[in-house]
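J.: Spelled out from the first residue to the last, the chains are:
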Amino acid sequence: MPKKRKKDLESSKGASQTTRRDVLKMGVVAGAATVLTSRKSLRSVYAQSVPPEPTVCDATKFHNSPRTTPFMRQLPIPPQLQQTTLSPAPTQQANIAGGEAPRAAHQRWNEFLPVKQYALHAAPALWQFHPELPPSYVWAFNGVFPGPTLINNYGQPVVVRFYNDLPTVHTLGFAIPEITIHLHNGHTASESDGFAGDFFGTGLFKDNHYANIYAGFDAFGGLGDFREAQFSYWYHDHRAMFTAANTYLGLVGMYWLFDNRDSGNENSMNPNALRLPSGYGVHDIPLIFADKTFCSDGTQLALSTGIVPEGDKWTVNGAIQPFMRVNRRKYRFRLLNTGPQRTWFHQLTNGFNFKVIATDGNLLEHPITVNQITHSVAERYDVIIDFSTANIGDFIYLLNTDNEGIPQYVGRQSPSPLPQGVKIQDVVMRFDVVGNETDNSQVPATLTQYPNINVPIAATKTWEFTRDTSLPLASQFQVNGLTFDANRSDHQAVKGTAEIWTLRNLVPASDWTHPVHIHFEEFRVLSRNGGPPPPLETGRKDVIRLPPGNEIVLFMQFRDFVGKYLIHCHNMNHEDNFMMVRWDIVDSLAKKETFRKEVVG
Amino acid sequence: MRRREFFADLASNLSRPSASKGPGFYTNAVLRTHDDKPIRFYDDLIKGKHAVINFMYANCESACPAITANLLKVQKALNGRVGRDIFFYSITLKPEEDTPKALKEYAEMHGVKSGWTFLTGDPHDLTTIRFKLTSMDHPAFDLDVAQHTTTIRVINDSINRWTGCSAQASVGTIKQVILWADPPKPLEERIRENKKIQARIDKIEVLPTWLGSLADD
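Residue numbers (our numbering), protein chains in the order written: chain A, 1 to 601; chain B, 1 to 217.
Check the hints yourself; a few may be wrong.
[Unchecked claim] With a cut-off of at most 20 Å between alpha-carbon atoms, the simulated SDA-like pairs for lysine to any residue come out as follows:
| no. | chain 1 | residue 1 | chain 2 | residue 2 |
| --- | --- | --- | --- | --- |
| 1 | B | 185 | A | 88 |
| 2 | B | 203 | A | 61 |
| 3 | B | 195 | A | 98 |
| 4 | B | 196 | A | 587 |
| 5 | B | 196 | A | 97 |
| 6 | A | 592 | B | 128 |
| 7 | B | 195 | A | 171 |
| 8 | B | 196 | A | 99 |
| 9 | B | 195 | A | 596 |
| 10 | A | 591 | B | 131 |
| 11 | B | 203 | A | 88 |
| 12 | B | 195 | A | 88 |
| 13 | B | 203 | A | 595 |
| 14 | A | 597 | B | 172 |
| 15 | A | 592 | B | 131 |
| 16 | B | 132 | A | 55 |
| 17 | B | 195 | A | 92 |
| 18 | B | 73 | A | 171 |
| 19 | A | 597 | B | 196 |
| 20 | B | 195 | A | 97 |
| 21 | A | 61 | B | 134 |
| 22 | B | 203 | A | 105 |
| 23 | B | 196 | A | 91 |
| 24 | B | 185 | A | 105 |
| 25 | B | 49 | A | 595 |
| 26 | A | 495 | B | 204 |
| 27 | A | 61 | B | 196 |
| 28 | B | 195 | A | 96 |
| 29 | B | 203 | A | 402 |
| 30 | A | 591 | B | 128 |
| 31 | B | 203 | A | 203 |
| 32 | A | 597 | B | 185 |
| 33 | B | 203 | A | 55 |
| 34 | B | 203 | A | 93 |
| 35 | A | 61 | B | 131 |
| 36 | B | 203 | A | 594 |
| 37 | A | 591 | B | 132 |
| 38 | B | 195 | A | 105 |
| 39 | B | 195 | A | 90 |
| 40 | A | 61 | B | 127 |
Think of the hints as simulated: they come from the structure by calculation, not from any bench.
Note that the structure is a prediction, hence the values are computed from the model and not measured.
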């Protein structure tokens, strides 16, 4: 071998070794591409590491996922996404020739010119969910599952370029290499909202423009009404009919915002700052739940029919039954259920409980302490756990006390003693209390005030969610008797107005709880079944559990942007059976009439 | 399994598209068409093809006629592709009643054109096929024949892509769902189409929709 060539090889080998070592430290098999900035270098990284598509095992002969020993891996923390400089530069009009997907021009682009640019590449990768499992084929953002976390402040508009680097020839038998990314639940203009019909294929990209303003910008000036702040968001694929499979394969991640009150600094000198436990991955921790089913070779199992059954392996931040070392102090955990279907019932052992400070990313007026959280798909709960009363050496377990869903299969004993009555298959993760640490954080008794909702009501609307088992399955999952059609708009709200929406799951033979999600603005629950909402529904939310026989009345507002939006069941298997409806925000009452004539018909 | 079938399946497995689930999954059961011809399910109907499958029976008076009429409109909306590179199959849910002759009468009554085959056969074979194509991991659904009359299953075996929806959805939606099983076009061609789509988006005030549907004209 000529000397020069050998040297080149060695240097490239050295570089890849460094990468690999860093990567392994994070518990990642392939990836760590977030540190790279240019599209070209990303392409070359992926060109070397694109794993071949596996063959999914036969679901009809499947019994359970492989055995795994609990608490072998430390809780991974998704890397924080660093800003980049996009090339070609983002533009208000879609850059079709440059490879951008078609879309309407960004609304209010010049008003909210992006101050930061980010790149997220949806691409195949290998991810090891457990040291005893072979690496699994995933579709991940920038090679990591869950995807990198974006962290910004209110008042910093950003543009995120979502590249579709998924395989052109896709033969896995479920999922589809087409994406449309929704930021749940951003106050986002329609063209950047990840509408289910606006998906784009391999080789293209799309710029989503996130203004990062408070809802009510037009009425309040400044950055909008600070009481409308929402802090914990997540992004995920929303491709019509394939949301369950595409997100199950890995197309999810978190997106956090801070402001000068929830400032992400427990040592802040600002008198307005809440000083909640802070430091990404240090005392402010994402806990991203996903249940999975693995073939013996590590391949994630789903059905060709597109259904993703509840999984028998429970993962947090991409690790099966991880452990996390904590000190005797307060931590903020941001709980996210990425679905596709399972509802989690969180509980802690050793008498510990959750102090809930935010529901769906919105601060509660006052923290609410509970010993159990019912956590539907897509909901977020920000909780404080105070380990200061624990002893060094204690193990505290996070449980999922679900009696109805498919149970977890562990197949091995717990390496650490479990409290009496606790079964290892109910354990989601373990907190190991290892030391003492200064704690300057606080959890104020009053966290925020709720925005005024005593405003004129322009209209009312009722949405009936039904799973009528007397109908054939393909027609069972309906909203107001209809299934999703991207070309049909079932409701139009006028920009700047408020409405009362009623959600019902009453007729005629419904037997399923639907976690209903409404895009664009947070709602307030005015009543549940004629009475006041339960404590954890008294704040602002964007997902609400709608069990059979329930009627929920919501206060809704539609401010600052126009366009098409969605209301849907966030059980993704239902959503993919088109339990989803398009509604629109229009400029004015006059436009509403035109819209009705031209589109609704 | 008879020895001859075993070798036929083996041969079929060897020649199928590499991504396909193959005859081991779909079965290679011999069905009969409404023209009373024997036909193998995987080899003749699925292998390498883009197929649109629904379930019906000739005496179904509730949902089936409206669905057949709806699918005729879908067939028209597919601009001559049906029979060329997309194939419609209607599989009877009541093979005991639906002879090839009964299915032929049904097809003629509804004015069904080429590219659409009605199928009957051994009840056990048809139940197996129905399970394979529609299993929702839900016994109450999977075992109930009446649950299937409005299910459309779209399969493109060449890329192992499945889609599907309610046969009662709009013609536009069903058409989209069928096209979602098309193999991806080359990037350059999609960018050319996107220019057309963008031009239409720029012209209309009300925001669309299935973006794919805007490239048509």
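J.: So which of those numbered hints doesn't the model satisfy?
T.: 1, 2, 4, 6, 7, 9, 10, 11, 15, 18, 19, 24, 25, 27, 29, 30, 31, 32, 33, 37
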